[in-house]
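Working from the sequences, and respecting the hints, build out all of it.
Sequences listed follow chains A and B, in order. Every letter in the first sequence is one number past the one before it in numbering that gives the first Met the number 0, and letter 86, counting from 1, is 85. Every letter in the second sequence is one number past the one before it in numbering that gives the first Met the number 0, and letter 171, counting from 1, is 170.
Be careful, since some hints might not be right.
Coverage of chain A stretches by chain B, computed from C-beta distances (three or more under 8 Å per stretch; other residues unrestricted) [said to hold, decoys possible]:
1. 94-108
2. 208-214
3. 238-245
A short, non-exhaustive set of chain B residues, derived as facing chain A with CB atoms under 7 Å [what the hints assert, rightly or not]:
4. 73
5. 77
6. 91
These are computed hints drawn from the structure, not numbers from a lab. Using N, Cα and C, we set each Cβ at its ideal position, and we do this for glycine too.
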Amino acid sequence: MDLSIFGYQFMQNAILSAFLGGVACGTIGVFVVLMHMPFIGVCMSHAAFAGALLGLWLGFNPLIGAFALSLLSAAIIGPLADRGELSPETSLGVIFSLMLGLAFLFMGLMPGTKSGALELLWGSILTNTRNDIIYLGIVAAVVVVLVLIFYKEIQATIFHRDMARSVGIQSTLFLYGILFLTGSTISASLTSIGGLLIFSLILNPAAAAYQLTYSMKRMFLLSAGFGVLSGWIGLLFSYIFNIPSGATIVVTSSVIFLIAAIFSPKRRVKGWQTKPLPEAGH
Amino acid sequence: MNSIIDIENAVVSYREDIALRGVSLKVDSGEFVGIVGPNGSGKTTLLTIVNGLGRLHQGQVTVLGHHITSGNGHSLRKKVGYVAQVQNIDPRMPMNVREVVMIGRYGLLGVLRRPSRHDWEIADAVLALVGMDHLARRPIGHLSGGEQQRVAIARCLAQEPELLLLDEPTASLDWKAQSGILELVKQIHNSRHLTTLLVTHDLGCLPLACDRVVLMKEGLIWGEGSPYELLTDDNLSQLYDIPVSVVRSRRQEAAPV
Chain A
0 MDLSIFGYQF
10 MQNAILSAFL
20 GGVACGTIGV
30 FVVLMHMPFI
40 GVCMSHAAFA
50 GALLGLWLGF
60 NPLIGAFALS
70 LLSAAIIGPL
80 ADRGELSPET
90 SLGVIFSLML
100 GLAFLFMGLM
110 PGTKSGALEL
120 LWGSILTNTR
130 NDIIYLGIVA
140 AVVVVLVLIF
150 YKEIQATIFH
160 RDMARSVGIQ
170 STLFLYGILF
180 LTGSTISASL
190 TSIGGLLIFS
200 LILNPAAAAY
210 QLTYSMKRMF
220 LLSAGFGVLS
230 GWIGLLFSYI
240 FNIPSGATIV
250 VTSSVIFLIA
260 AIFSPKRRVK
270 GWQTKPLPEA
280 GH
Chain B
0 MNSIIDIENA
10 VVSYREDIAL
20 RGVSLKVDSG
30 EFVGIVGPNG
40 SGKTTLLTIV
50 NGLGRLHQGQ
60 VTVLGHHITS
70 GNGHSLRKKV
80 GYVAQVQNID
90 PRMPMNVREV
100 VMIGRYGLLG
110 VLRRPSRHDW
120 EIADAVLALV
130 GMDHLARRPI
140 GHLSGGEQQR
150 VAIARCLAQE
160 PELLLLDEPT
170 ASLDWKAQSG
180 ILELVKQIHN
190 SRHLTTLLVT
200 HDLGCLPLAC
210 DRVVLMKEGL
220 IWGEGSPYEL
230 LTDDNLSQLY
240 DIPVSVVRSR
250 RQEAAPV
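So, in structure tokens, the structure goes:
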């Protein structure tokens, strides 16, 4: 295989983007999986997509649009998730369909060719600019540093929000912080992975890590590792077969999940469960 | 005796439903108070206004010298242990029993401080106290309901609370687990000189455990006093709106053989 491609600046940018995006998405994914809020992530990724399209249509930086709309959706979702008002699935369904509708509306209003919009839909890690990488790097660093600093509060909030509140932790504040980080990570990774696929890179590595460990610290590490691995292997397949990188990254993360699920120690039946039951009356 | 809980004319409503309709109650330091009443009578809401989780519509609540207003409850909650009903915990949750007990100390530690060796020693000591030290490394989701309630009590004790609130800690547990948990709570209450509020439907345990019983119905305190005087067949018949004969037969069924 000709490896001279890795000497080019655009490929080095892509490798660095895959690393930073994998770490950020993998870390955020742990919140999404353990707090049972995958639909919140889907909703926020579509909000980011709609915001980026708004930026493209009105001629400002799509990243700013993605950031603004994903945080707006977090501000709407936060109180719904915290107070348990309405049925969360119903209200999230309404926000999700609104965001999707807005995305297609902005795409329709956009003059000229829609190539920029389609790039946001599928993602294009190979065209990432220096600015994209800086933004992704800042978000990845903020996510990792905040998890390290507030690990115990985050752990308690993830375990049980009401219980965390009952011991004096301001778990509502941490819930909003988690949603804010999720929105920021989705926005920063949008150009690399694409609006339709970004959520898979958040969910799959964490879901794979969840199959393999009973330690939350190890789950964070495994999930970030699987995120990076998905990005790098996906990038390699994208180069070899000349197919869209966003798709290969997501398919790779799904395969990693499948392997983890098959070999999960959590699926094994314990020896004592197969022992014969004691006789009745003894 | 000094009151460490002083509730005056508390009104709490959830939209159109009024959960408490002007409740006043004083609890002295060291008391063990049982709270009894039918479902929807306001028992859980009463506990949540004591630890500042519930929002008062009207009235005043002072607990451990803190005058509770909306937003200042989290500093009080560091001193108040709260055990809720058996929770559904994800069996694959990546946390072990010891880590869950340590959460009890997180509020006391405050942000930016990590648990020290001393904190872990306290967590291990309270796990041993509730008889769960042999399961310290077990994933929390692998425990039975009774074991999870023992862990919840250990988590509260790790908090080193002055006040213990228990909201139906034995609901949905079998008879053996129920009696084990209640004996443990009574023993801890006595040995640690706590003040305890226990919401329960297990009327049989109340005379043994409680100094005083509060009966609640439709968001009001319907009666309070000694459990032996208050928990009569006639009172229970009126409290639960069922005939006296039914109360008697239920009590006979519930009595230990």
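Exercise for the section: Go check the stretch 208-214 of chain A versus chain B for me, would you? Three or more residues, Cβ under 8 Å, otherwise it fails. Expected result: Satisfied; 4 residues make the cut.
Problem - chain B over the stretch 94-108 of chain A, status - at least 3 residues with CB closer than 8 Å - result: Violated - the stretch 94-108 of chain A has 0 residues with a Cβ nearer than 8 Å to chain B, which falls short of three.
Problem - Hint validity - residue 91/B Cβ closer than 7 Å to any chain A Cβ - result: holds, 6 Å
Problem - Coverage claim, chain B over the stretch 238-245 of chain A, checked by counting residues with Cβ within 8 Å (three needed) - result: violated (count 0)
Practice task
Would you check whether residue 73/B satisfies its interface hint, that is, whether its CB is within less than 7 Å of any CB in chain A?
Solution key: holds, 5 Å
Exercise for the section: With chain A as the partner, please determine if residue 77/B meets the hint condition of a C-beta pair closer than 7 Å. Expected result: With a minimum Cβ separation of about 4 Å from chain A (threshold 7 Å), the hint on residue 77/B holds.
Comparing the model with each numbered hint stated earlier shows that hints 1, 3 do not hold.
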